[in-house]
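Student: Listed here are the chains, written in short residue letters.
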Amino acid sequence: MGISSMTFLCATRLLAAWLVLPFMYVAAVGAGFLRQLSGGGPADRRGLVRWVLPDLLDVPETLLTSYTA
Amino acid sequence: MPIGWLSVPRDWIATFGVIAKFAARVVAEVFTGKVFRFFGEALRQCGVLILGSTMVIWGLAFILGLQCGIEGAYFNRSVGAPAYAGVFIGMVRPTRDHALRVRLHDERQGGHGPRGRARLDADHRRDRRPRG
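Protein chains in written order, with our numbering: chain A, 333 to 401; chain B, 1239 to 1370.
For reference, chain A alone in the conformation it holds in the complex:
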């Protein structure tokens, strides 16, 4: 009966990482998006805008594939 302390620590930390990382990912992508919206301007010398994610649907899909792949 009982659980080893190392397994306890690793399992809770793994669960914590799975809980936290999606929000961290969305926050990072959102920061890039806001940077583009806030008049960041073109990213290269041709004046082309290079989005972090080209489409809004990329956000949930890449989030899902990061868990399943």
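Read the hints as simulated data drawn from the structure, not as lab findings. Predicted model only: the values in this text are computed from it and were never measured. Mixed in with the good hints there might be a few duds.
One-sided excerpt, in silico: chain A residues whose CB lies under 7 Å from chain B [unchecked claim]:
(1) T339
(2) C342
(3) A343
(4) T344
(5) L346
(6) L347
(7) A348
(8) L351
(9) V352
(10) R367
(11) L369
These stretches of chain B come out as covered by chain A in the derived footprint (C-beta under 8 Å, 3 or more residues) [what the hints assert, rightly or not]:
(12) 1258-1272
(13) 1289-1303
Even glycine gets a Cβ: it sits at the ideal position worked out from N, Cα and C.
Starting from the structure of chain A, add chain B where the hints point.
Tutor: Coordinates of chain B only, in the frame set by chain A:
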């Protein structure tokens, strides 16, 4: 004990087995829901991750993306194809269905050119050369 091909890596394989067994046990604790009895501790670990690791992970991702961009740009310029720098960005940037898909324009896909028939006949305009 006779010396064979497995003499040297035997310990490595054994250690790998121990690591894999432990990892499998940890993942099993999560998937069977046993760890949810300690959900408070998991939330505490969430706080530790947010406060202690977020900036490190973001910083590493930023440096990795920056490095890929810089090296891609300079390498492609050195071989005479600077417009292909986006290919390197595509390696580290997550997208749907195609890693190298790039949205280049602020507006709709296809840029600022004319829609429809006029766009299909773009090669007839005098500033374009015939293609195909």
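Student: What are the numbers of the hints the structure violates, in ascending order?
Tutor: Going through the list in order, the structure violates hints 10, 11 and respects the others.
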